[in-house]
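Use the sequences and the hints to build the structure in full.
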Amino acid sequence: AQSVTQLGSHVSVSEGALVLLRCNYSSSVPPYLFWYVQYPNQGLQLLLKYTSAATLVKGINGFEAEFKKSETSFHLTKPSAHMSDAAEYFCAVTSGQGQAGTALIFGKGTTLSVSS
Amino acid sequence: DTGVSQDPRHKITKRGQNVTFRCDPISEHNRLYWYRQTLGQGPEFLTYFQNEAQLEKSRLLSDRFSAERPKGSFSTLEIQRTEQGDSAMYLCASSLASYRGEKLFFGSGTQLSVL
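In order, the protein sequence lines correspond to chains D and H.
Using the working numbering, the final residue of the first sequence is 408, and nothing's skipped along the way.
Using the working numbering, the final residue of the second sequence is 355, and nothing's skipped along the way.
Derived from the structure by calculation, the hints contain no laboratory data.
Check the hints yourself; a few may be wrong.
Said to hold, decoys possible - What follows is a list of derived Cβ distance ranges for each label pair: (1) D/363 <-> H/278: 27 to 33 angstroms; (2) D/362 <-> H/255: 29 to 35 angstroms; (3) H/270 <-> D/337: 17 to 23 angstroms; (4) H/290 <-> D/304: 37 to 43 angstroms; (5) D/301 <-> H/252: 24 to 30 angstroms; (6) D/408 <-> H/267: 18 to 24 angstroms; (7) H/280 <-> D/307: 33 to 39 angstroms; (8) D/405 <-> H/278: 20 to 26 angstroms; (9) H/290 <-> D/364: 28 to 34 angstroms; (10) H/253 <-> D/362: 46 to 52 angstroms; (11) D/297 <-> H/292: 32 to 38 angstroms.
Quick caveat, the model's predicted, so the values are computed rather than measured.
Virtual Cβ for every residue (Gly too), placed ideally from N, Cα, C.
Quick look at the structure:
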């Protein structure tokens, strides 16, 4: 079965510092991978997605993620953190083997805190 | 685009009672998903529909849970004989089916507390 593991349930950075949120996936075939963000008291929203078109994926709000097959990783980065980035971030993978359009399987999430 | 709506926002019930939640997806979306989220965990997949057909259901889902999408528009999720372990946020999401990794639009959820 497909799954994702998010390393670190809580990450704290200073404003202006690099943000790195880690995600590793388990899949026997190339998966479709996603990062979603949940701001306080809001629903989840899509940050970016990997669908095999390009290994470096750019998303909203300056975030990007790189798909590395050799490391089975899809880490999320942002060069300079902003206070408004404080939220819960979820990595997700499609449940189907090599297929899009099926249920998303989410990781446990990483809470990002940004201090001034 | 009015977004995904869920009703009610909060539900408090006593153990053993039945509860029903409603989800209204974005109107042109043909897929509808139900997830459950507990504190400190990511959303857990429950089931999803394409139009009115229920295409996938989590193997972990108890028989006490049932979902419908009778006309391919709104959906209901019913939990029978609720247990304290059912306390969670129930999330609904909708999307347009895609073979390139569809984007899910989530509602704000229904928070269930079973006493």
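Worksheet item: When you take the CB atoms of residue 270 of chain H and residue 337 of chain D, is the distance between them in 17 to 23 angstroms?
Response: Cβ of residue 270 of chain H to Cβ of residue 337 of chain D: about 20 angstroms, so the range 17 to 23 angstroms holds.
Fill in: Satisfaction of the hinted span 46 to 52 angstroms by the C-beta atoms belonging to residue 253 of chain H and residue 362 of chain D
49 angstroms, holds
Fill in: residue 290 of chain H versus residue 304 of chain D beta-carbon gap, inside 37 to 43 angstroms or not
Holds, since residue 290 of chain H and residue 304 of chain D (Cβ atoms, about 41 angstroms apart) stay within the stated range.
Worksheet item: Is 28 to 34 angstroms right for how far apart the beta carbons of residue 290 of chain H and residue 364 of chain D are?
Response: For residue 290 of chain H and residue 364 of chain D the Cβ distance comes to about 29 angstroms; the hint holds.
Discussion item. Is 24 to 30 angstroms respected by the C-beta to C-beta distance linking residue 301 of chain D and residue 252 of chain H?
Written reply: 28 angstroms, holds
Item to complete: Confirm or reject the claim that residue 363 of chain D and residue 278 of chain H have a C-beta distance inside 27 to 33 angstroms.
Response: This hint holds: roughly 30 angstroms between Cβ atoms.
Worksheet item: Honestly, do residue 408 of chain D and residue 267 of chain H meet the 18 to 24 angstroms range at C-beta?
Response: With a Cβ separation near 42 angstroms, residue 408 of chain D and residue 267 of chain H fall outside 18 to 24 angstroms, so the hint is violated.
Worksheet item: Using the C-beta atoms of residue 280 of chain H and residue 307 of chain D, is the stated range 33 to 39 angstroms upheld?
Response: 25 angstroms, violated
Worksheet item: Does the hinted range 32 to 38 angstroms hold for residue 297 of chain D and residue 292 of chain H at CB?
Response: 35 angstroms, holds
Practice prompt. May I ask you to test the hint 20 to 26 angstroms on the CB atoms belonging to residue 405 of chain D and residue 278 of chain H?
Written response: Since the Cβ atoms of residue 405 of chain D and residue 278 of chain H sit about 21 angstroms apart, the hinted range of 20 to 26 angstroms holds.
Worksheet entry | Pairwise beta carbon distance, residue 362 of chain D to residue 255 of chain H, judged against the given window 29 to 35 angstroms | 50 angstroms, violated
Comparing the model with each numbered hint stated earlier shows that hints 2, 6, 7 do not hold.
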